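Protein chains in written order, with this note's numbering: chain A, 2 to 361; chain B, 20 to 294; chain C, 2 to 334; chain D, 648 to 1097.
Don't read these hints as lab results, they were simulated from the structure.
Treat the hints with caution; some may be incorrect.
[Claimed, not checked] Derived lysine-lysine pairs resembling DSS-like cross-links, with alpha carbons at most 30 Å apart: (1) 871(D) x 851(D); (2) 234(A) x 150(B); (3) 719(D) x 203(A); (4) 243(C) x 78(A); (5) 984(D) x 794(D); (6) 861(D) x 840(D); (7) 824(D) x 840(D); (8) 234(A) x 243(C); (9) 735(D) x 203(A); (10) 883(D) x 803(D); (11) 203(A) x 673(D); (12) 234(A) x 132(B); (13) 1053(D) x 203(A); (14) 300(C) x 943(D); (15) 155(B) x 177(B); (16) 300(C) x 719(D); (17) 1086(D) x 1064(D); (18) 300(C) x 920(D); (19) 698(D) x 1086(D); (20) 1093(D) x 203(A); (21) 889(D) x 838(D); (22) 55(B) x 234(A); (23) 861(D) x 835(D); (24) 203(A) x 300(C); (25) 848(D) x 883(D); (26) 735(D) x 300(C); (27) 920(D) x 943(D); (28) 110(A) x 984(D); (29) 838(D) x 854(D); (30) 824(D) x 805(D).
[What the hints assert, rightly or not] Counterexamples of contact, computed for chain B against chain A with all Cβ distances above 10 Å: (31) 70; (32) 104; (33) 168.
Here the structure is a predicted model, which means the values were calculated and not measured.
Positions of the beta carbon are idealized from the N, C-alpha and C atoms, including for glycine.
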Amino acid sequence: MSTVANAGQLTTAEPRRPWAVSRSKRLLGFGRMLTFAVAAFVATILTPLANFDGWAVAFLLINLAWVIGIASKLGAKERRDAVLRVVITSLAVLAFVPWLSILVTVILKGYRAVYPGYFISDMRTSTPDDELNIGGAGHAIVGSLIMVAIATVVTLPLGILTGIYLTEVRGRLTFLVRFIVQSMAGVPSVVAGLFIFATVVKSMGQYSGLAGGLALAVLMLPTVSRTAEEVLKLVPDDIRSAGYALGARQWRTALLVVLPTVRAGLSTAAILGVARVIGETAPLLLTSLNTNGFVWNPIGGTVASLPTYIFAMFMYGTEYSNARAWTGSLVLLALVFFFFIIARRLGNKSALKANANRRK
Amino acid sequence: MTQTQITTNQSANQQNGETSKFIGLETQGVHAWFGKHHALSNVSLRFPERTVTGLIGPSGCGKSTFIRLLNRMHEFIPSAAMAGSVLLNGSDIYAPEEDPAMIRLKVGMVFQKPNPFPAMTIRENVLAGIKLAHLKRSNHDEIVEQCLTRAGLWKEVKDRLQASGGSLSGGQQQRLCIARSLAVEPQVLLMDEPCSALDPGSTLRIEETIKELAEKITVIIVTHNMQQASRVSDHCAFFLTDGGPGYLVEADATRKMFTNPTDSRTADYVQGKFG
Amino acid sequence: MTIVETPEPRQMMVVYSRADRIFRRIVTGGALTSLLLLGFITAFLVMRSAETFRQFGLDFITGSEWFSAGEDPLGGAVEGAVEEVDESVFSIGPMIVGSLVVALIAMLIALPLSIGGALYIEFYAPRSIYRVLVSLLDLAAAIPSLIFGLWGIQVFTAIGVRWATLLNDRLSFIPIFSVEFENFGRSPFVAGCVLAALVVPITTSVSREVYSRTPRDLIDTCFALGGSKWGAIRSVVMPYGKSGVIAGAMLGLGRALGETVAIYLMLNLVFRYSFEILDSAGGNVASMIALKFGEATDKEISALIASGLVLFIITLIVNMIASSIVARTTPRA
Amino acid sequence: MNKRSKRFVAVMITAASVLSSASIAKAENVTGGGASFPVQFLTPAIAEFNKTFGHNLTYTSTGSGTGKKNFKSGTFKFAGTDSAVGSKDLPTFGWTYIPYVAGAIAIAYRLDELGGATLSLSPGTINGIFGGTVERWNHPSIANDIKTNPTWANQKKKSDVRGATALWENISTTSAKVTVSMLPATLKSNKGKKIEWYNDKTKKVLKSLTVGSKAEVNMTSRVKPTDTFSIKVGGKTIATFKQVKVTLPDRAIQVVYRADTSGTTNNFCQYMKGAVNSDWVINDAFQSCVPGGVTKFGSRFVGQPQNNNQANYIADTNGAIGYAEVAYVTDPTRASKGIRAANIRNAAGAFVAPTAAGYNSHLAGGAQDSRGLISFDWKQTTNKTAYSLGAVTYGLCQTSSDAKNKVVAQFFEWMLKDFGPKNAEALGYTPILGASAAKGVDLAKKCGAG
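If we strip away everything but chain A, and leave its shape as in the complex, we get (with noise of 0.2 Å):
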């Protein structure tokens, strides 16, 4: 048959992609974006609405007018879907715009008083209104790791051990435990600060990084223990039962199957739990309260932390300590950010990965 023929001959083909935006059309909608623009410009001027919160206003209107100003050449599905998109692209942009301008913020304003003693040095003998390269955050910085350490080192084993509880013990009380480690995840952190405030340091007779780590650790543990739970429960069943079919007891399989296979998801546990009390303020200053100087002693009373750093710069008020509180925020932005990543890649390389795809 000819067509068969032909469709042998056919053994050069160029690749083509026939559902690609040509690039006119791209240079045609970039065109008219840059017209919206001007013309949300215009209309900051004219209208009440101002600045660039106003301008991005004005800007998704006119997009929305236009669309739904075209729709009306289209057919009613069509029509449907040009305006959901600019609604939902709107909307997204809405929801980014805040952390956007957190970020923006936090860099401009904490640019100002970065200088390499900022990281090594500490307030001990400045106050903060001395001159921006006088002085710095590095005892803040160490409270902090301290403390986080600490609340790592006590809620890591409590959190894992509860996770290996949910998915491999099952006992009695996996439904209690579960629900209360959800529930435990509401509770305030000021709440967590009065508990500890009012049992460790009230026992100690002293504020201490101790108490300050502690605090963290309440907070941290439902964080912890849910990641360890999930990361558990991606482990298929298959491994499991292999390692029982080999003649191993539960516990050996659990120690040495289970946990080194999510080895990975377990350290991602704990970088996500530091992640989100190292910026936890609220209870720090009810049990570490801060310091001026290097304290390496988590016992030896109060400890500095980058939160409390930058809550006492900011309340010092003056334009200098101000300052150094934003740039106190830009490296605990950084700190999060840096723990974040590394959670990341080694979520990334978790052996799981490739059997939690194939499960999909």
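Use these hints to put chains B, C and D onto chain A, whose structure you have.
What follows is chains B, C and D alone, placed relative to chain A:
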């Protein structure tokens, strides 16, 4: 229904290691339940030593349930129950004093989907059973080579024993799982549709491996595939269900089952008239 | 065919060896620690607030006055100043209502944004930036609330006041948009906006997660039947993800109710029931605790802990609802 | 050890040696905290003290109440408080008060329509504003205060002589006092030059002085409301004063109070009760100290947590008024936004600005008991220079013999003798001087004395 027996023509043979003498594996009037659901009814079977027994039958007839009863994997399903007895070397593995971990050490299992331990290397995977069951072995290198060779994988992986078990192809992974089961020197190896997730090429390799294994140990394999059953097994047992619990229709030498079965349903099934 | 008597099933219990039993006991102990911890926290809150509840009873929750009589202030600089009759009154009605009002405002703003954001990321965003958006979203969820507070007071208030003014200009005929005094800076509305910014990443993250689990073949089926994106989203994605979105919203609500620092910086606390959301008068339990703690007398501390207990119970209820929704609707694998 | 880990170890060793050299042997870590009122004085004081003596003192502003409780429990080695220790917080060990610094509390406001002119308020008007009965800026009582104390405003934007400033005070409707103050460097470079009070209309020099070693000099003269006056140093004008006609706008008054409980509020309420209207209640919470409470005023009264937010809010809001420690009001950033501190009429009938001198004059009229506590006398009917609104803040220290307590003793003594007199005023506070200071030093010496 008459009780079917497969009689062994070989005497119990000596096994290596500290495990007790292998006399044989047989079930007597075994039933299985999942909660209220009666899944398997009254199966009595004796497995000849150093042979391959294929368990065949349509889906849902209780083959997998049955095979999991043989090394006490059945009990991991909550609400599971059973009746009857499974005799390993003459003693009931469900007797209260029996330690399931010890049973499983003697009766190994290979699963439907290859499941090497993802966090371990190929070498560690092979040695996993020894580590997990806390066995004392000093000749690790030897065991690795021997088991991988028996599983037909040694040539392919000998240069990358430190690679992750997950880096192998599906067929290789399944052979790795077989090697892993062999390392603890089981007397019986259960295989629950070991090739159903594999391509035809890999399936062929595994089947060769199974045949070689049967020279030393007893293999029981569940399979959906008639050709596979006829290719690898020495004996066959045919299971069926009429909507109620699964039961054993007949068991005999494979050749007889495929050429001249006693029961007409067996004939229909092996000829592909239903299933 | 001989009928075989079916024997009685032999119930099977997984028998554990001694080592396994020890292992299970250790693990159970670890898990029970969380239970105990929560128990301790609750017991502590109940014990320390008993004095307050004994004295004020239900009035503590419904009343709207907070007066702490100080302990002989410096005015009388005489040795051994005279103890006066303690006239302290503690009650937090407006703070509870205020917490709910601000949290509701936050959720009303956050919910559409979250759903929009989640749908955009899952179904509209170019694949090339999908991963970036997901990472950004997760990062946003981890920004400490202190930074939201700083941003709120130094950046957002100006914008929020403009919006509030606009709303008040156009909509003051609706009671909740009317104000007694044209002063919008520390109103529940502005604070609610900042709280919304704080909650959006959390709820978006949860919603996106649920949407991403919508079975792909269902969506494809929808397209294959000639459905539009709108149709696919409306008839497959939204119903499938509804419970997840609700659960995410509840989680966000719990977070919004318990938020301390951001509200501490953003809201004017007034002990009066007020529903005029543009008026600079609102309430919030958590930030009230922080505001009053510094100079609190012993009796006042008991009252503050009682407030903590009330807040705890409220967030607990919200979280319970959230987790029961999640438990009921998690797609089974 | 690979190259990278070697470098890491090297960095750690360097860091460790830097840290250990910073903490000199015998350096004591001493933790204290409490009142937030003196923070802007204490923070630089502690930094300077740590620098000079090599110790590591820390003060955290937690509020006086928490400070006292923590002092009692021993959690804080020393504490700061703006109020006396209540019976429930009395420590069981030996301890003492130390008055170490005071500060005037300014009635701070921003009203752009005044064009930078300073408002003068009588106690009655203040009572009206903070008690909620005076609701708008053009209220007759405010207008009346201005009439009795005409507003003279400095017309010159910037002084021609760097570091020299002039302040105008009305003594009566026909006479005024001008205070010229100069920074040390300015004083040095202008030594021997003439300071002149020049009437621009009549072209006459009213008063003349020579720059000597005094940083602050006063001149008093009779003035006519219609004239314009220049203050010159060496012929260069540093300020031009003119009586301005103030038209009070019909603008709502926004009262800004401290939302958190605080000693500043407590002292403000003491002033209101003692000097203005006995209906006021002394309390740490403003809501509780206004007669009848502020709830009924809704959002017309706005609370702000902490001094700085309160001051920021006033600085950002035209028509706002509040009270705050002077340091937060005179801060250049806020001042440039238009926040001003009002003059307050004292018991002797004079309108006085919130300066260290004014508050010290008020304190001098009070009494000090054996514990060191200074009581206020609100009825100093002859003391024309007194500015009555402010707070004295006290240190609390343990008397038991202990190295840390001795450091605390050293710290307070040093502040009273050295740091306070030199720096308090520049930091916006009022140093404790004279007999009170001597008493303070005596008390400080008790710390750690055993």
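Pair hint outcome, residue 861(D) versus residue 840(D) [Cα-Cα no greater than 30 Å]: Between residue 861(D) and residue 840(D) the Cα gap is close to 13 Å, so the pair holds against 30 Å.
30 Å Cα cutoff - pair residue 155(B), residue 177(B): OK: residue 155(B) and residue 177(B) at ~24 Å, within 30 Å.
30 Å Cα cutoff - pair residue 883(D), residue 803(D): Holds, because 12 Å separates the two Cα atoms, which is no more than 30 Å.
Pairwise hint evaluation, residue 203(A) against residue 735(D), where the allowed Cα distance is 30 Å at most: holds, 16 Å
Hinted pair residue 300(C) and residue 920(D), Cα distance within 30 Å: Judged against 30 Å, a Cα distance of about 25 Å means the pair holds.
Pair hint outcome, residue 1093(D) versus residue 203(A) [Cα-Cα no greater than 30 Å]: holds, 28 Å
Pair hint residue 203(A) and residue 300(C), alpha-carbon separation not exceeding 30 Å: holds, 17 Å
Holds or violated: residue 824(D) to residue 840(D), with C-alpha atoms at most 30 Å apart: Holds - the C-alpha atoms of residue 840(D) and residue 824(D) are around 20 Å apart, at most 30 Å.
30 Å limit on alpha-carbon distance, applied to hinted pair residue 871(D) and residue 851(D): holds, 13 Å
30 Å limit on alpha-carbon distance, applied to hinted pair residue 55(B) and residue 234(A): Measuring from Cα to Cα gives roughly 27 Å; hence the hint holds.
Satisfaction of hint between residue 243(C) and residue 234(A), Cα-Cα up to 30 Å: Holds, at roughly 23 Å.
Assertion that residue 104(B) lies outside the chain A interface [Cβ separation over 10 Å]: holds, 21 Å
Going through the hint list in order, the structure satisfies each hint without exception.
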